[in-house]
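Below are the chains, spelled out letter by letter.
2 protein chains.
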Amino acid sequence: MDNIEKVKENMPIEEEIFELAELFKMLSDPTRVKILYTILENEMSVGDITEIVGSTQSAVSHQLRVLKQARLVKYRKVGKSVIYSVSDEHVATILSMGMEHISE
Amino acid sequence: MDNIEKVKENMPIEEEIFELAELFKMLSDPTRVKILYTILENEMSVGDITEIVGSTQSAVSHQLRVLKQARLVKYRKVGKSVIYSVSDEHVATILSMGMEHISE
DNA sequence: TGAACATATGAATATCTGTTCATATGTATT
DNA sequence: AATACATATGAACAGATATTCATATGTTCA
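Chains A and B supply the protein sequences, listed in that same order.
Position in the first sequence counted from 1, then plus 50, gives you the working numbering.
Position in the second sequence counted from 1, then plus 50, gives you the working numbering.
Treat the hints with care, as some may be off.
[Unchecked claim] Beta-carbon label-pair distances, calculated as ranges:
1) A120/B x G129/A: 41 to 47 Å
2) S111/B x V128/A: 50 to 56 Å
3) S135/B x E154/A: 16 to 22 Å
4) S153/B x V128/A: 29 to 35 Å
5) E139/B x E65/A: 22 to 28 Å
6) E65/A x E59/B: 23 to 29 Å
7) N92/A x K127/B: 48 to 54 Å
8) I63/A x Q107/B: 20 to 26 Å
9) A109/B x E139/A: 55 to 61 Å
10) K124/A x E91/B: 21 to 27 Å
11) K130/B x I63/A: 31 to 37 Å
12) K130/B x K118/A: 47 to 53 Å
13) T106/B x E154/A: 14 to 20 Å
[As the list claims (entries may be wrong)] Here's a subset of chain A near chain B, in silico, CB distances under 7 Å, partners left out:
14) A71
15) F74
16) L77
It is worth saying that the hints were derived from the structure and are not from the lab.
Where is the CB? At the ideal position from N, CA and C, for every residue including glycine.
Could you build all of it, start to finish, from the sequences and the hints given here?
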């Protein structure tokens, strides 16, 4: 068996490759990364996230929707506010892996 | 000190956020992910990569350039061929962290 | 040197993405 | 009910991105 066949066999299937790329795509925008860091340890309202991230309310809301669809964040409603948090412990791990990589 | 201030203090600086997003952007395209999986364990010529990835030679070459600029891959020339490999052990870790995340 | 091969590159194009602006929706308060 | 507040949403736009096609560059071998 040559190398090419060996690699082909160990290659994740098309769908996994696609989903993986999709996951990283979620982390490929500075605004989204900031949002995730913001709510990594504390849940936060959209208003607070907006202030911390330093973008507009609309932009933040749009990005929260993207993150929500990817199931990277969850939310609960409290009165007029909507409070977001990271929905998955892996997110922190992946972010710090990445951070470790770039700080070298 | 309120929560907002606390989060702002722990937030990575703008440049780190940007670089981090940039790193993940490299992993946000299926073709690039496939290329990286291909050369994760064995170095491979562009021709072999092209066959494994199942794209065109040109597309693969363009993406290799992107990965090269991000210093995620390195290469050596052997005769007419150029042989690429992953330049950083972290890449494997980040990929499998991501893979672990999606397979749940 | 010339032909064949391997890879890189540039231009063009179609698609995707993030932001902005305006406004809608939903909730609390008076 | 009317107003103020918090968030979401849709359309439009500008910029980015991946692929394709054609071709250039560079290397080997006859």
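Tested hints:
1. A120/B x G129/A: 41 to 47 Å: holds (45 Å)
2. S111/B x V128/A: 50 to 56 Å: Given range 50 to 56 Å: holds, Cβ gap about 52 Å.
3. S135/B x E154/A: 16 to 22 Å: At roughly 18 Å between Cβ atoms, E154/A and S135/B fall inside 16 to 22 Å, so the hint holds.
4. S153/B x V128/A: 29 to 35 Å: Cβ of S153/B to Cβ of V128/A: about 33 Å, so the range 29 to 35 Å holds.
5. E139/B x E65/A: 22 to 28 Å: This hint holds: roughly 27 Å between Cβ atoms.
6. E65/A x E59/B: 23 to 29 Å: violated (41 Å)
7. N92/A x K127/B: 48 to 54 Å: holds (51 Å)
8. I63/A x Q107/B: 20 to 26 Å: holds (23 Å)
9. A109/B x E139/A: 55 to 61 Å: violated (36 Å)
10. K124/A x E91/B: 21 to 27 Å: Violated, at about 36 Å.
11. K130/B x I63/A: 31 to 37 Å: With Cβ atoms ~32 Å apart, the hint holds.
12. K130/B x K118/A: 47 to 53 Å: With Cβ atoms ~50 Å apart, the hint holds.
13. T106/B x E154/A: 14 to 20 Å: violated (34 Å)
14. A71: holds (5 Å)
15. F74: holds (4 Å)
16. L77: Nearest chain B Cβ about 4 Å off; hint holds.
Of the numbered hints given earlier, the model fails hints 6, 9, 10 and 13; all others are met.
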